[in-house]
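Novice: Now for the letters of each chain:
Protein chains: 2
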Amino acid sequence: MQEIHVHAPATVANVVCGFDCLGFALAEPFDEMTVRRTDQPGVRIINRDNFNLPTEPERNVAGVAAAAMLKKARADFGIEIGITKHIMPGSGIGSSAASSAGALVAVNRLLEDRISKLELVDFAMDGEELASGSRHADNVAPCIFGGFTLVRSTDPLDIVQLEFPPLWATIIHPQIEIKTAEARAMLPKDVPLKTAVRQWGNVGALVAGLAKGDYGLIASALEDIIVEPVRKSLIPDFDEVKSSSLEADALGGGISGSGPSIFMLSSNPNTAARVEKAMHIVYSQNGIKFNTYISEINYEGVRVLTGNE
Amino acid sequence: MQEIHVHAPATVANVVCGFDCLGFALAEPFDEMTVRRTDQPGVRIINRDNFNLPTEPERNVAGVAAAAMLKKARADFGIEIGITKHIMPGSGIGSSAASSAGALVAVNRLLEDRISKLELVDFAMDGEELASGSRHADNVAPCIFGGFTLVRSTDPLDIVQLEFPPLWATIIHPQIEIKTAEARAMLPKDVPLKTAVRQWGNVGALVAGLAKGDYGLIASALEDIIVEPVRKSLIPDFDEVKSSSLEADALGGGISGSGPSIFMLSSNPNTAARVEKAMHIVYSQNGIKFNTYISEINYEGVRVLTGNE
Numbered sequence: 001m002q003e004i005h006v007h008a009p010a011t012v013a014n015v016v017c018g019f020d021c022l023g024f025a026l027a028e029p030f031d032e033m034t035v036r037r038t039d040q041p042g043v044r045i046i047n048r049d050n051f052n053l054p055t056e057p058e059r060n061v062a063g064v065a066a067a068a069m070l071k072k073a074r075a076d077f078g079i080e081i082g083i084t085k086h087i088m089p090g091s092g093i094g095s096s097a098a099s100s101a102g103a104l105v106a107v108n109r110l111l112e113d114r115i116s117k118l119e120l121v122d123f124a125m126d127g128e129e130l131a132s133g134s135r136h137a138d139n140v141a142p143c144i145f146g147g148f149t150l151v152r153s154t155d156p157l158d159i160v161q162l163e164f165p166p167l168w169a170t171i172i173h174p175q176i177e178i179k180t181a182e183a184r185a186m187l188p189k190d191v192p193l194k195t196a197v198r199q200w201g202n203v204g205a206l207v208a209g210l211a212k213g214d215y216g217l218i219a220s221a222l223e224d225i226i227v228e229p230v231r232k233s234l235i236p237d238f239d240e241v242k243s244s245s246l247e248a249d250a251l252g253g254g255i256s257g258s259g260p261s262i263f264m265l266s267s268n269p270n271t272a273a274r275v276e277k278a279m280h281i282v283y284s285q286n287g288i289k290f291n292t293y294i295s296e297i298n299y300e301g302v303r304v305l306t307g308n309e
Numbered sequence: 001m002q003e004i005h006v007h008a009p010a011t012v013a014n015v016v017c018g019f020d021c022l023g024f025a026l027a028e029p030f031d032e033m034t035v036r037r038t039d040q041p042g043v044r045i046i047n048r049d050n051f052n053l054p055t056e057p058e059r060n061v062a063g064v065a066a067a068a069m070l071k072k073a074r075a076d077f078g079i080e081i082g083i084t085k086h087i088m089p090g091s092g093i094g095s096s097a098a099s100s101a102g103a104l105v106a107v108n109r110l111l112e113d114r115i116s117k118l119e120l121v122d123f124a125m126d127g128e129e130l131a132s133g134s135r136h137a138d139n140v141a142p143c144i145f146g147g148f149t150l151v152r153s154t155d156p157l158d159i160v161q162l163e164f165p166p167l168w169a170t171i172i173h174p175q176i177e178i179k180t181a182e183a184r185a186m187l188p189k190d191v192p193l194k195t196a197v198r199q200w201g202n203v204g205a206l207v208a209g210l211a212k213g214d215y216g217l218i219a220s221a222l223e224d225i226i227v228e229p230v231r232k233s234l235i236p237d238f239d240e241v242k243s244s245s246l247e248a249d250a251l252g253g254g255i256s257g258s259g260p261s262i263f264m265l266s267s268n269p270n271t272a273a274r275v276e277k278a279m280h281i282v283y284s285q286n287g288i289k290f291n292t293y294i295s296e297i298n299y300e301g302v303r304v305l306t307g308n309e
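Quick note, the sequences are listed as chains A and B, same order.
Heads up: the first sequence begins at 1 in our numbering, then just goes up one per residue.
Heads up: the second sequence begins at 1 in our numbering, then just goes up one per residue.
Hints were generated in silico from the structure; no laboratory data involved.
Computed from a predicted structure; not experimentally measured.
Accuracy of the hints is not assured; some may be wrong.
To be verified - Result set (SDA-like, lysine to any residue): computed pairs, CA atoms no more than 20 Å apart in a straight line:
(1) K194(A) - L187(B)
(2) K194(B) - E129(A)
(3) K212(B) - P165(A)
(4) K194(A) - S153(B)
(5) K71(B) - E58(B)
(6) K232(A) - L193(B)
(7) K232(A) - P165(A)
(8) K189(A) - L193(B)
(9) K194(A) - D224(B)
(10) K277(A) - Y299(A)
(11) K194(B) - A183(A)
(12) K117(A) - F51(B)
(13) K194(B) - S243(B)
(14) K194(A) - I225(B)
(15) K194(A) - R48(B)
(16) K212(B) - E223(B)
(17) K194(B) - E223(A)
(18) K194(A) - E223(B)
(19) K117(A) - R303(A)
(20) K232(A) - R303(A)
(21) K212(B) - E163(A)
(22) K194(B) - E163(A)
(23) K72(B) - E119(B)
(24) K117(A) - R135(A)
(25) K289(B) - I176(B)
(26) K212(B) - L217(A)
(27) K277(B) - S243(B)
(28) K212(B) - Y299(A)
(29) K232(B) - D214(B)
(30) K194(A) - D190(B)
(31) K117(A) - A183(A)
(32) K194(B) - L187(A)
Turn these sequences into a full structure, and let the hints steer you where they fit.
Specialist: As structure tokens, then:
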């Protein structure tokens with residue numbers, strides 16, 4: 001018998017101009033998962049939290065991803081996955097990605113790490129498809145690789161690990177529900193070429209700013225003229241949170257994933273704390289329940305803590 | 001009296017996925033220009049080549065740009081610009097950009113370099129507007145800054161100097177005329193969001209590949225699914241040039257500016273020479289006159305050679 005314990009972190013995808021391609025990992029919150037090798041084949045899920053997520057493996061993102069990988073690897077064993085989620089489902093900070101990525105990294109350790117990280121992302125996209133109906137990689141890639149990642153292409157799958165300077169994220173999670181279908185229906189089907197050019201100029205500038213550690217350039221490149229303008233109406237007081245955060249010296253930020261969380265990036269932890277305070281002031285006035293988090297960008301992704309024989 | 005002699009290099013704009021934002025400077029070909037301070041105010045143009053470009057300053061790109069700058073700087077002198085062009089007008093490798101950028105850098109030296117490079121790009125865009133009807137910066141930016149540049153935004157003007165590894169460009173200039181209006185009319189007005197996302201994934205990956213010096217990543221990011229597919233029909237044997245170049249180990253490439261030149265990038269001068277040979281073989285069969293050039297990417301931009309009192 002072997003048991004692997006992992007921490008699977010929250011992630012931010014759709015990083016402002018980098019819709020559907022840029023994402024980064026947080027140090028916290030993270031889910032705790034334990035994957036235990038069993039002689040009996042198949043996948044069994046045990047939820048150790050109060051979110052009432054499905055325990056049938058084929059309806060659980062961790063189960064779907066792990067089962068696909070075990071099958072592909074022709075494993076001669078089964079697994080039991082114990083999950084203690086701390087990342088609230090539906091928060092927009094990669095809750096489903098953490099579940100599938102965490103399970104896969106743990107199962108891979110049971111398989112003596114013979115599956116590449118890129119292949120793990122591919123399996124994790126099966127979980128994302130179950131969760132949201134789309135095989136996207138911009139949460140699972142940073143969750144598995146750590147740091148700041150760019151999905152150059154999903155077909156063929158190509159993930160780029162970006163260089164970046166120290167960065168802190170401040171997140172506010174308003175406890176409202178955004179229906180994925182509704183958020184998706186808001187997206188324009190087509191965009192004017194001129195608008196697309198400005199957006200890819202910003203993506204290029206953001207990647208350059210990250211590589212150079214040029215905070216000023218990062219700040220000016222954090223501009224989204226395509227998705228944010230249409231989706232921000234889903235999030236109460238989005239404009240106020242953003243403007244107060246910028247006044248508190250955040251570099252910039254926007255909608256995390258498809259919301260409702262909002263993230264702001266800062267160059268140091270003191271500013272990130274000031275940004276959190278500014279967010280609190282805005283949300284203390286609207287009566288909506290919320291959580292906030294401050295986290296440095298996590299270089300590591302899913303962390304394997306123990307693997308006992 | 002003071003006289004400044006400069007070399008103003010050719011440039012490649014619309015670098016594959018980086019339509020309207022990415023460009024780089026070549027070491028050659030370059031235009032030779034001499035700017036002489038005169039007591040008489042105003043701008044006088046002397047062409048020392050056989051291209052018969054206009055000598056009226058208001059119809060000459062160098063004249064327009066230089067006059068705008070002299071006026072803004074409230075210069076109490078005039079200038080005489082002598083131009084020996086080696087970059088053929090209409091070749092798609094930044095002939096007009098070299099004229100205006102070269103004149104501006106020389107005039108700035110007469111003004112003791114008190115104008116910033118960013119402002120020079122802004123003045124040079126006046127020249128580009130005269131030449132092509134659009135105030136674009138993706139040729140003048142690398143011509144003035146040197147190296148590989150990204151135009152993050154033209155309003156406000158924001159130029160990013162990219163980090164990049166040693167790169168050689170092989171250029172073939174088929175001596176056919178492409179009407180700018182025709183090339184522009186081919187551009188789609190709108191693009192599907194999904195297509196735009198793939199394009200900005202490639203822009204981000206290309207910038208990351210350049211920053212890391214990762215030639216494999218540069219090669220995979222050199223993909224344009226928006227402009228090249230519609231414009232390549234303007235250039236005889238485009239697909240054959242591209243596929244032969246890739247077989248000769250070019251990293252990738254595409255249409256230079258709006259054509260008719262085609263450029264291919266290589267990681268070393270030997271490959272660039274093999275690519276040139278491959279281009280020659282394709283064009284030796286179609287009966288069209290052409291020139292080829294091989295050049296390392298030029299770190300310097302416009303070079304000031306002499307400034308005699």
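Novice: Compare the structure with the hints numbered earlier in the document and write down the numbers of the violated ones, lowest to highest.
Specialist: Violated hints: 7, 10, 12, 13, 15, 20, 22, 29 and 31; rest satisfied.
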